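Colleague: This is what each chain is made of:
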Amino acid sequence: MKIRDAFRHGLSLVNHHRKMIGIIYLVNLCFALIVAAPLFTLFHSRVGSLVGRDELLTGLPYSWWSALQIDARGLENTIRPSLSGGFGPLIDNLELLLTGQFQLYGWFVFSLIVGYLFIAAFFNGGAIALFADERRSFSAGRFFSYAGTYFHHMAALAVTTVALFALLYKVINPAIFSLLDRIVGDSLSQSFAWIVHFIGYLFILTIVFLITLILDYAKVIVISEKKNSSWASIGLAAAFIFRSFGKTVGLNVLLAFLAIALVLGGGLLMSIITPSNLLLLVGSFIVQQLFIAAKIAVRLTFYASETALYQAHAAARTMVKKRKR
Amino acid sequence: MNKIVSILFLVVVLSGLASAQGLPCEKVASYKIDATLDPLQKTVAGVAVLTWKNIGTAPTSELWFHLYLNAFKNSKSTFLTESARHYADFLARFADDGWGFCDVLSMSASGELFEADLEPRFMRPDDGNADDETVLKVDLPAAIAPGKTVTVKIDFLSRLPHRAPRSGYRGDYFFVAQWFPKIGVWTDNEWNCHQYHAHSEFFSDYGDYDVRLTVPSQFIVGACGVMTDSTANSDNSVTVRYQQECIHDFAWTAYPHYKIAIRTFEHPELPAVTMKLLYQPDHKRYVDDFFGATENTLKYLGLWYVPYPYSHITIVDAACKSGAAGMEYPTLFTTSVDWLTARGSQEPAGLTVHECAHQFFYGLIASNEFENAWLDEGFTTYATSRCMNTAYGPGAYHKIYLNRDGLGIPWTVSKSEKDQRDWIVENHRARGSRDVMNKCSWDYVDRLAYRNNAYEKPALMLWTLENSLGEAVWTEIMHAYTSRWSFKHPRPQDFIDIVNEFAPENMDWFFDKMLNEAGVVDYAVTHIESNAAVKRKGYFGVGDGRELKDDDGEDATFESQVHVERLGDIQLPVELLVTFENGETAANVWSGEEPVKIFYFRGAQIEKAEIDPYHKVWLDANPLNNGKYRRADGFASFRWGTTWLFWLQDLFELIAVFS
Chain C
1 MKIRDAFRHG
11 LSLVNHHRKM
21 IGIIYLVNLC
31 FALIVAAPLF
41 TLFHSRVGSL
51 VGRDELLTGL
61 PYSWWSALQI
71 DARGLENTIR
81 PSLSGGFGPL
91 IDNLELLLTG
101 QFQLYGWFVF
111 SLIVGYLFIA
121 AFFNGGAIAL
131 FADERRSFSA
141 GRFFSYAGTY
151 FHHMAALAVT
161 TVALFALLYK
171 VINPAIFSLL
181 DRIVGDSLSQ
191 SFAWIVHFIG
201 YLFILTIVFL
211 ITLILDYAKV
221 IVISEKKNSS
231 WASIGLAAAF
241 IFRSFGKTVG
251 LNVLLAFLAI
261 ALVLGGGLLM
271 SIITPSNLLL
281 LVGSFIVQQL
291 FIAAKIAVRL
301 TFYASETALY
311 QAHAAARTMV
321 KKRKR
Chain B
1 MNKIVSILFL
11 VVVLSGLASA
21 QGLPCEKVAS
31 YKIDATLDPL
41 QKTVAGVAVL
51 TWKNIGTAPT
61 SELWFHLYLN
71 AFKNSKSTFL
81 TESARHYADF
91 LARFADDGWG
101 FCDVLSMSAS
111 GELFEADLEP
121 RFMRPDDGNA
131 DDETVLKVDL
141 PAAIAPGKTV
151 TVKIDFLSRL
161 PHRAPRSGYR
171 GDYFFVAQWF
181 PKIGVWTDNE
191 WNCHQYHAHS
201 EFFSDYGDYD
211 VRLTVPSQFI
221 VGACGVMTDS
231 TANSDNSVTV
241 RYQQECIHDF
251 AWTAYPHYKI
261 AIRTFEHPEL
271 PAVTMKLLYQ
281 PDHKRYVDDF
291 FGATENTLKY
301 LGLWYVPYPY
311 SHITIVDAAC
321 KSGAAGMEYP
331 TLFTTSVDWL
341 TARGSQEPAG
351 LTVHECAHQF
361 FYGLIASNEF
371 ENAWLDEGFT
381 TYATSRCMNT
391 AYGPGAYHKI
401 YLNRDGLGIP
411 WTVSKSEKDQ
421 RDWIVENHRA
431 RGSRDVMNKC
441 SWDYVDRLAY
451 RNNAYEKPAL
461 MLWTLENSLG
471 EAVWTEIMHA
481 YTSRWSFKHP
491 RPQDFIDIVN
501 EFAPENMDWF
511 FDKMLNEAGV
521 VDYAVTHIES
531 NAAVKRKGYF
541 GVGDGRELKD
551 DDGEDATFES
561 QVHVERLGDI
571 QLPVELLVTF
581 ENGETAANVW
591 SGEEPVKIFY
601 FRGAQIEKAE
611 IDPYHKVWLD
621 ANPLNNGKYR
631 RADGFASFRW
641 GTTWLFWLQD
651 LFELIAVFS
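Read top to bottom, the protein sequences are chains C and B. Number 319 in the numbering used here belongs to position 319 of the first sequence; there are no gaps in the numbering. Number 268 in the numbering used here belongs to position 268 of the second sequence; there are no gaps in the numbering.
Worth flagging that the hints you see were computed from the coordinates, not collected in a lab. One should not assume that every hint holds.
[As the list claims (entries may be wrong)] Derived Cβ-Cβ restraints for the label pairs, each shown as a range:
#: 1; chain 1: C; residue 1: Val171; chain 2: B; residue 2: Ala232; range: 47 to 57 angstroms
#: 2; chain 1: C; residue 1: Pro38; chain 2: B; residue 2: His86; range: 31 to 41 angstroms
#: 3; chain 1: B; residue 1: His563; chain 2: C; residue 2: Gly22; range: 45 to 55 angstroms
#: 4; chain 1: B; residue 1: Thr585; chain 2: C; residue 2: Ile195; range: 16 to 26 angstroms
#: 5; chain 1: C; residue 1: Val171; chain 2: B; residue 2: Asp405; range: 19 to 29 angstroms
[What the hints assert, rightly or not] Some but not every residue of chain C turned toward chain B, in silico, with C-beta under 7 angstroms:
#: 6; residue: Ser82
#: 7; residue: Ala132
#: 8; residue: Arg135
#: 9; residue: Leu188
#: 10; residue: Leu281
[Unchecked claim] Output of the computed footprint for chain C on chain B, the stretches with three or more beta carbons under 8 angstroms from beta carbons of chain C:
#: 11; stretch: 463-472
#: 12; stretch: 620-630
Owing to the predicted nature of the structure, the values given are computational and were not obtained by experimental measurement. In this text, a Cβ means the ideal position worked out from N, Cα and C, and glycines have one as well.
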């Protein structure tokens with residue numbers, strides 16, 4: 001199967017099971033609302049009668065934000081000027097992928113992230129199993145049934161991923177940058193230092209890419225092959241990627257471009273809309289929520305395309321084996 | 001190419017030098033120095049000939065000198081002891097023999113009545129630290145009477161420290177400041193010559209400087225004053241000569257990779273100034289910004305205060321992490337910029353304007369930075385924000401992603417603009433309660449207290465004064481202060497006297513609070529309510545005129561109250577503006593003496609109340625609580641609630657990558 005075919009097949013699979021996007025989106029929204037609702041109330045008590053509250057509709061006046069820091073409590077500390085731009089929230093989050101500073105927003109947000117990690121793992125099992133299933137019609141019952149069936153595998157793989165990323169952020173990342181700092185040494189050229197550090201981050205990004213690639217295929221394999229061992233599936237995934245390196249990497253690069261295009265398009269759209277009145281405020285909220293749904297769809301497209309590619313290769317291998325016999 | 005540019009510069013500045021002769025300073029300490037840089041040993045060997053004039057009213061038989069570089073001689077100097085307390089790992093930069101020092105090899109003096117070798121000995125006037133060698137005293141064989149001069153010849157060897165603050169080297173980059181034995185100031189018939197501290201700058205007298213610097217020929221040199229000669233030597237070195245009258249310090253820099261650009265500042269109401277920029281090779285894109293910021297400073301401060309009196313200025317874009325960036329010297333200042341900056345971040349303009357503004361509040365008005373740091377840093381911070389607001393407007397909030405030591409990917413959050421004064425208020429708010437302005441720099445409890453009382457609080461005090469007194473009076477005050485005290489050493493009282501001369505009332509009470517009280521100003525509107533007015537019911541009048549009323553025919557009116565509170569320690573009078581729902585307004589003045597006051601109103605319902613509505617009191621540490629609507633609405637909170645919700649949802653989806 002060619003990369004292009006796997007991608008198309010992945011899109012088609014996601015389209016067939018698009019109700020899944022709605023379910024995951026609703027869970028995402030509800031989980032976020034658990035903390036957003038109290039923050040909203042707290043925020044209202046601060047800015048509801050503020051002289052200058054109208055300025056907060058179009059941006060985040062620096063003076064206001066810096067004054068908020070005086071007695072900001074808990075989640076209020078995560079409000080920052082970069083949230084006000086269209087791209088700000090997205091880039092803030094993307095930066096975390098390269099730095100691993102997930103505790104930056106406090107331990108409460110960190111614990112929410114960990115909670116969502118397992119929710120996402122739960123849904124991954126359902127989604128990949130549906131994509132691997134020959135039946136094209138979506139059934140919520142089957143989705144949840146599969147999710148439950150494979151949760152232990154998905155959770156184990158999620159924990160493995162977290163462990164690998166912890167190793168990356170706490171050991172490999174400091175070691176790489178310590179080495180790069182030595183290369184930069186006493187150089188007085190800022191451009192040289194910048195380029196060296198940029199190469200360091202490219203290296204980190206490559207490792208992030210490879211870890212997610214291997215673990216994604218491990219999820220696909222543990223479900224498609226009905227393996228009992230999640231750990232064994234990681235080895236099989238690595239072997240599969242090694243054998244089909246060009247296709248697996250090529251497919252994920254293509255999917256990564258799709259994700260980047262979504263971030264750029266979404267960021268641009270959100271930058272254009274200044275929610276200065278109720279209509280624009282509601283419009284801005286709808287665009288934000290559509291973006292989240294689209295992001296979920298792209299993530300599912302990763303799994304669907306990877307499943308399609310893997311199954312095509314597995315089928316071809318079986319065919320070859322049969323012929324040899 | 002750089003050499004051609006240097007020669008052109010020489011021609012331009014020599015013509016400028018001729019026109020700049022005769023500056024009105026009292027020449028107290030004039031130096032002729034011959035010095036040679038050894039870039040391998042990191043040393044500068046020199047001979048200085050000082051001509052010093054006693055302008056006091058009493059004779060003196062001793063001379064005091066600063067040996068600032070001895071601050072970096074060992075870890076027990078006063079400077080490094082104090083620095084190690086305030087900055088973690090500060091001493092690490094001196095590992096691998098990065099220490100610096102200034103040795104006086106010999107010293108001799110000749111006056112009208114004597115000629116003698118001098119025996120220097122170290123003094124510790126501030127803290128008695130026996131390991132500190134930053135102040136040196138010599139006894140003369142005879143006293144120097146008022147009006148008389150003495151000539152002192154000093155052989156010295158200075159070693160430059162590695163990446164030390166202000167002066168030192170990094171790689172083949174050298175910034176050489178505070179490098180020669182510098183005489184103290186004989187004032188009020190005693191020597192004012194403090195040790196070098198972590199939180200203090202400098203104080204010295206005006207004089208003429210004639211300095212010859214010999215460096216390897218590949219080095220490009222920039223220095224205070226004007227280059228009047230350049231001679232190639234047979235040993236592959238070059239000797240450059242810099243001269244300048246009426247300055248009170250001399251610094252220079254040498255680096256093989258500097259790029260040079262020269263432009264002329266011109267304005268119909270101000271004298272022309274030749275600007276020479278020495279910039280880093282990878283900062284070419286910022287050349288216009290460096291010049292633009294310098295031009296704006298010379299223009300606005302020249303028009304607002306006094307014209308820049310010298311014919312030239314040198315702008316040095318210091319090497320990164322050299323420790324030299326962001327410092328002022330007479331006719332020269334250092335600035336810096338990151339290789340990449342965010343659009344609208346106003347870099348490098350902010351730092352460049354600040355350091356260039358020091359040419360006025362330090363270079364020209366040479367206050368005692370040891371004892372009255374706010375007179376230079378406070379005025380400069382104020383003038384910087386005024387100039388930046390006028391020339392550039394508000395800057396954009398920006399963020400550097402993947403930031404490592406300031407290098408990363410800059411990103412502008414365009415919807416969050418900030419006034420130059422906002423960050424001053426922000427810093428003041430955080431540090432305002434620490435210590436008082438009226439204090440010697442090194443006596444502050446910590447770095448934050450020093451910064452607040454030298455930079456932020458005085459700058460906000462000056463903004464508050466300007467707004468309170470009005471632009472016309474303020475213009476007279478600042479013009480009088482800068483013109484009367486140019487080339488002199490003003491004390492705080494000298495500025496206060498001028499304010500009192502022009503202000504409609506005596507402002508001693510204001511300065512007493514500002515200079516001698518810690519704490520912040522913070523007023524708040526804490527409560528607003530409007531209730532239906534109580535109608536006239538019951539008996540009114542006496543005797544036969546007594547009437548029982550049950551009046552419901554009166555126009556519908558409301559009785560309202562506004563609660564204001566003084567949350568800060570410092571009390572200043574403020575205005576209260578109340579806006580009613582029928583569009584009418586009511587203005588009041590509150591002395592701020594009581595911690596809480598309730599203002600009562602009768603009429604329409606209140607829409608909003610604002611304390612200090614025109615934002616005159618920039619000293620108010622939290623302007624956010626200065627105004628309040630009676631009725632809340634939910635738009636702003638909904639907008640930010642949904643934005644925050646979106647950020648969290650996106651973060652969840654990002655984390656799903658790990659699932």
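Colleague: Each hint: holds or not?
Modeller: How the hints compare with the structure:
1. Val171(C) with Ala232(B): 47 to 57 angstroms: Distance hint for Val171(C), Ala232(B) holds at roughly 55 angstroms.
2. Pro38(C) with His86(B): 31 to 41 angstroms: holds (40 angstroms)
3. His563(B) with Gly22(C): 45 to 55 angstroms: Hint holds: Cβ distance 50 angstroms, inside 45 to 55 angstroms.
4. Thr585(B) with Ile195(C): 16 to 26 angstroms: violated (59 angstroms)
5. Val171(C) with Asp405(B): 19 to 29 angstroms: For Val171(C) and Asp405(B) the Cβ distance comes to about 21 angstroms; the hint holds.
6. Ser82: holds (5 angstroms)
7. Ala132: Violated, because the Cβ-Cβ distance from Ala132(C) to chain B comes to roughly 17 angstroms (cut-off 7 angstroms).
8. Arg135: violated (24 angstroms)
9. Leu188: holds (4 angstroms)
10. Leu281: holds (6 angstroms)
11. 463-472: violated (count 0)
12. 620-630: With 9 residues in contact (Cβ-Cβ under 8 angstroms with chain C), the coverage given for the stretch 620-630 of chain B holds.
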